Amino acid sequence: MADMTSKRNAMPVQEADVRNRNFSEVALGYTEEQAVAEANRCLNCKNKPCTSGCPVQIDIPAFIAEVAKGDFEAAYKVITKSSSLPAVCGRVCPQETQCESKCVRGIKGEPVAIGRIERFVADWHNANSTAALEKPAPNGHKAAVIGSGPSGLACAGDLAKMGYDVTVFEALHVAGGVLSYGIPEFRLPKTIVQKEIDGLRALGVKIETNTVVGKTVSVDELMQDEGFESVFIGSGAGLPRFMNIKGENLNGVYSANEFLTRINLMKAYREDSSTPIRAGAKAVIVGGGNVAMDAARCAKRLGADVTIVYRRTENELPARAEEVEHAKEEGIAFRFLTNPTEIKADEKGWSKSIVCQEMELSEPDASGRAKPVPKKDAFIELDADCIIMSIGTSPNPLIKSTTSGLDTQKWGGIIADEDGKTSKDGVYAGGDAVTGAATVILAMGAGKKAAAAMDRFMQGK
Amino acid sequence: MFEILEKKCLNPTVTLMRIYAPRIAKKAEPGQFIILRTDESGERIPLTIADYDRENGSVTIIFQIVGATTEKLNHMNEGECLHDFVGPLGRATETDGLKKVAVVGGGVGCAIALPVAKKLHELGVEVHSIVGFRNKDLVILEDEFRAASSKFVLMSDDGSAGEKGLVTDALKKLIDSGEKYDRVITIGPLIMMKFVCKLTKEYDIPTVASMNPIMIDGTGMCGGCRLTVGGETKFACVDGPEFDGHLIDFDEAMARGAMYRQFERKAHEETCNLFREVK
Chain A
646 MADMTSKRNA MPVQEADVRN RNFSEVALGY TEEQAVAEAN RCLNCKNKPC TSGCPVQIDI
706 PAFIAEVAKG DFEAAYKVIT KSSSLPAVCG RVCPQETQCE SKCVRGIKGE PVAIGRIERF
766 VADWHNANST AALEKPAPNG HKAAVIGSGP SGLACAGDLA KMGYDVTVFE ALHVAGGVLS
826 YGIPEFRLPK TIVQKEIDGL RALGVKIETN TVVGKTVSVD ELMQDEGFES VFIGSGAGLP
886 RFMNIKGENL NGVYSANEFL TRINLMKAYR EDSSTPIRAG AKAVIVGGGN VAMDAARCAK
946 RLGADVTIVY RRTENELPAR AEEVEHAKEE GIAFRFLTNP TEIKADEKGW SKSIVCQEME
1006 LSEPDASGRA KPVPKKDAFI ELDADCIIMS IGTSPNPLIK STTSGLDTQK WGGIIADEDG
1066 KTSKDGVYAG GDAVTGAATV ILAMGAGKKA AAAMDRFMQG K
Chain B
3 MFEILEKKCL NPTVTLMRIY APRIAKKAEP GQFIILRTDE SGERIPLTIA DYDRENGSVT
63 IIFQIVGATT EKLNHMNEGE CLHDFVGPLG RATETDGLKK VAVVGGGVGC AIALPVAKKL
123 HELGVEVHSI VGFRNKDLVI LEDEFRAASS KFVLMSDDGS AGEKGLVTDA LKKLIDSGEK
183 YDRVITIGPL IMMKFVCKLT KEYDIPTVAS MNPIMIDGTG MCGGCRLTVG GETKFACVDG
243 PEFDGHLIDF DEAMARGAMY RQFERKAHEE TCNLFREVK
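Going down the list, the protein sequences come from chains A and B. The first sequence begins at 646 in this note's numbering and counts up by one. The second sequence begins at 3 in this note's numbering and counts up by one.
Rather than coming from a laboratory, the hints here were simulated on the basis of the structure. Quick caveat: nothing in here was measured; it's all calculated off a predicted structure. All residues carry an ideal CB built from backbone N, CA and C; glycine is no exception. Any given hint might turn out to be false.
As the list claims (entries may be wrong) - No farther apart than 25 Å at their CA atoms in a straight line, the calculated lysine to any residue pairs in the SDA-like style are these:
#, chain 1, residue 1, chain 2, residue 2
1, B, 236, A, 851
2, A, 993, B, 102
3, A, 927, B, 254
4, A, 851, B, 28
5, A, 840, A, 676
6, A, 989, B, 5
7, A, 1045, B, 235
8, A, 851, B, 5
9, B, 29, B, 97
10, A, 927, B, 260
11, A, 993, B, 97
12, A, 747, A, 960
13, B, 102, B, 268
14, B, 268, A, 840
Stated by the list, open to error - Some, not all, of what chain A presents toward chain B, calculated at C-beta under 7 Å:
#, residue
15, 890
16, 894
17, 1054
Stated by the list, open to error - Rough simulated footprint, nothing fancy, chain A against chain B, three-plus residues with beta-carbon under 8 Å:
#, region
18, 113 to 125
19, 132 to 142
20, 163 to 171
21, 239 to 245
22, 255 to 266
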């Protein structure tokens, strides 16, 4: 009989006023006892509504049942049948809108904390398992994956499990894509990312860093000269947008991408890093997504007094509720219905303040959210010697412009069908490169679907 | 790994290295750049490609020792390997339809100007090279420039090499003497390029300047290398590094280039001290 407590087991976390001064992980993870107790809240529903809410269709009740029995390795095996990156997903998936939103326990109380249990299982495996990965027998076919972010890693992992000879090409010097350069250490420790990637290497996946496809080598060359029969493009949406307001190129103004890359990829928060960062005394972050929360919380940890300005209200914030909550607890201020119009400089050419117009909400726009409209003559000026623009990213045009016969949307996204098939024979795509900026798990789902389609393509040849 | 095949000191502060990077050598064109890291915890720095050898698979870089990373790089030797070396990045120099070009280089920028001059020369374009240095000890690549140019003017600030004066003086003199260029290509310190562009604007000669701002990834991801060209924000890494010199906001570029100067100075000092202790 399931434990019918309406509340879920709380996640142990670092205290807010301690963690906002360090880069160590905020959430500390369940103990074995907590994980088993939470697993016992699962009703093991026959029709598995939670699984239908998972973009990669993990058999959730099955793995939770193993946890309840205390067989954590068996639980891990169930998860990895569907997911290549459980330790990552247990941390960064928006479970509250996916699996957990479908949980029957959520109707009369809190849903089972599926994400927290998943994270526990993956961490337990990484710390305790001695089971060696079985390297699949090679099937003699070669496939290339462009980009080592969530979609690319998921695709590479599935292809490798089927016996393909897989090479992943990564532009930066470290694999992981947004998991390495974007999501901060305190939300997703980089040792965990590397462990997951090492797991793929153990499956036989080769990773070539420092290779910019479109510059160092083209998709056409990979297929014609290097013998790759099929290519998956998971190059993400890494091009930062700016507002095009006055003063945006002043010193002290960053894109969130640059700010986070300096910190996460280049470790600029460490004393011994050779890459500089400057969060200033008063930092203003523009935007309301998860990336804005990450940038704000990093700036706070670097010692700045941080304010997030967002042009809609708290109800429309695109960031996960948990991230917003964590940011607030850490002392980050929010100014809603506020939209920047100009950045002012000091006498040395550094940003000094940001002028914003007050907004009000009107009818919903194309995105379905209430459209913010400026209030006439209502301006405020906030001191800011660091400003971080976090208003979205678009796909990098590099691959589109160097690959023959690859169709893209007007805004730059690669056109692909449900299985990731593009307009170019043998070339598949998925993740943010197709959809525009979205989540880690959706990208992983797309990578897995494409891997299955690439398998059919290569076997049918 | 990216082995240093050859290391040569061109002057006390400028070093040439030939790096084994066959994939990049196969694709490189004049005007493009690479990004390197010396070691596992190193910063990423962009350097323009000075030469390449497709057959031997090597890419040549020429750098001035100005900061911690170039100091560390200069302490590496033949046979050692760079940790990371990625490229070729950015767009190649446009050479289509050119008949007569003035290539104006300053200081270590001449190392980047040379492959452009060489390529134009090979294409049959009439190349006039004007290169400037502070003094005779800093002159680099003089013979190579002479070989790639039908006219070569060497300038120095103190007159110890070639003529005394600035590259803009020499360029003005040539234009005034009736030389008709269909393009000026300038590569060097920002302040020099600013004044070259100011001069050629007066004469209405199309001018291209090669920008080398602070950048991290070099693929359009960080936006740190952005600059204003004709009122629009451009990324030097993917839209450049060469831009219409008459439209570049050089003052903004100079301010952005100085963003981390304090940090850089301190890091350079610390690195120098470290090497001193090792000795």
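Outcome of the hint check:
no., hint, verdict
1, B/236 - A/851, "violated, 35 Å"
2, A/993 - B/102, "violated, 41 Å"
3, A/927 - B/254, "holds, 23 Å"
4, A/851 - B/28, "holds, 22 Å"
5, A/840 - A/676, "holds, 21 Å"
6, A/989 - B/5, "violated, 47 Å"
7, A/1045 - B/235, "holds, 21 Å"
8, A/851 - B/5, "holds, 21 Å"
9, B/29 - B/97, "holds, 17 Å"
10, A/927 - B/260, "holds, 21 Å"
11, A/993 - B/97, "violated, 38 Å"
12, A/747 - A/960, "holds, 21 Å"
13, B/102 - B/268, "violated, 45 Å"
14, B/268 - A/840, "violated, 35 Å"
15, 890, "violated, 11 Å"
16, 894, "holds, 6 Å"
17, 1054, "violated, 18 Å"
18, 113 to 125, "violated (count 0)"
19, 132 to 142, "violated (count 0)"
20, 163 to 171, "violated (count 0)"
21, 239 to 245, "violated (count 1)"
22, 255 to 266, "holds (count 7)"
Going down the numbered hints, you'll see the structure goes against 1, 2, 6, 11, 13, 14, 15, 17, 18, 19, 20 and 21, while the others check out.
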